[in-house]
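Guided by the hints, dock chain A onto chain D, whose structure is given.
Here is what each chain is made of, one letter per residue.
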Amino acid sequence: MFTRNEKPTEPTAKPQVRDKMETPVAPGGDIGRKPATSQTPTNSGASRMSAVSVISKALKITGQLESTEDIQIDGNVEGDVRAVSVTVGNGAKVKGTVYGETVEVAGTVEGKIEAKKVVLTNTAHMAGDVVHQEITIASGAFIDGHCRPDFGKTATKPAAVAQKYPSAMPEKVASGAQ
Amino acid sequence: MTGVLETTGELHVHGTVVGQIIADSFVLAIGGFVDGDILARDVRIGGKFNGRIFAPNVVLDSSAEITGRVFHTNVTVASGARIDGRMPWRPVNFFASLSHLPEE
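Residue numbers (the numbering used here), protein chains in the order written: chain D, 1 to 178; chain A, 179 to 282.
Quick caveat, the hints were computed from the structure, so don't treat them as lab data.
Hints are supplied without guarantee of correctness; some may be wrong.
Below are the DSS-like pairs computed for lysine-lysine, each with C-alpha atoms no more than 27 Å apart in a straight line [as the list claims (entries may be wrong)]:
#, chain 1, residue 1, chain 2, residue 2
1, D, K116, D, K95
2, D, K117, D, K60
3, D, K153, A, K226
4, D, K117, A, K226
5, D, K112, A, K226
6, D, K60, A, K226
Have a look at the derived ranges for each label pair, beta carbon to beta carbon [what the hints assert, rightly or not]:
#, chain 1, residue 1, chain 2, residue 2, range
7, A, E188, D, E66, 48 to 58 Å
8, A, S241, D, D150, 15 to 25 Å
9, D, G63, A, L279, 38 to 48 Å
10, D, A58, A, T186, 46 to 56 Å
11, D, T68, A, P266, 28 to 38 Å
12, D, R82, A, S277, 40 to 50 Å
Keep in mind it's a predicted model, so treat the numbers as computed, not measured.
Don't be surprised by glycine CBs; every beta carbon is placed ideally from N, CA and C.
Same shape as in the complex, but just chain D (with noise of 0.2 Å):
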């Protein structure tokens, strides 16, 4: 009922300002958030606030855990959990590998950590590898596992690279019976 065309009333001046304003802004945009904007075309910001899943301080989970957005964990999860952004709450326990851009953990992860940045609070408690191109550890932080620069360098997937090329994993399997 408001979307009747006007004669545009203002000045030519006033859009070519905010088309210059706008045009530095589309680069510089966050790669990884955009689909999430895209699908939702009338999210507003509050309801990007709360694109966070949370697993709450009551539940455990035995099971994969997978978002495109980011996951809280305060209770208590066995098995994988993936996701944009992970945070393991103070209390919160997860039994499995934790996939992430950014992980950060406050309480305990028995198994592995794999994101770009990792952030380990004074109350984390690590046991596992943690595979990483950025880690910070805060003092007080328990960690007893082997720490790599290699998030994103090795194909930490094998299943994705046998998709990817099918022809390469029968051959060998082939030639290993032959």
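Same frame as chain D, but now just chain A:
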């Protein structure tokens, strides 16, 4: 310098050391390089290090580049530090009983 560096006080390294370092407190400054083992109570690394660190308290600054193993009780890693290796946790009395660098 190459060889064994042993002191009961605080040791700062700005240059290059290849060998063993035993000190109460050890600081590897930015631009410094150590290839070998360090045994100390407090270790702070700002430079490049390759080898093993045995210390209850370890601080790795953002400029640190570590390869090897860091035996610790309490470790702090600043954002930006490059860590490639194991970080085995040990209780404090493990270091108290450690007067020499273990073999292997």
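List of violated hint numbers, smallest to largest:
6
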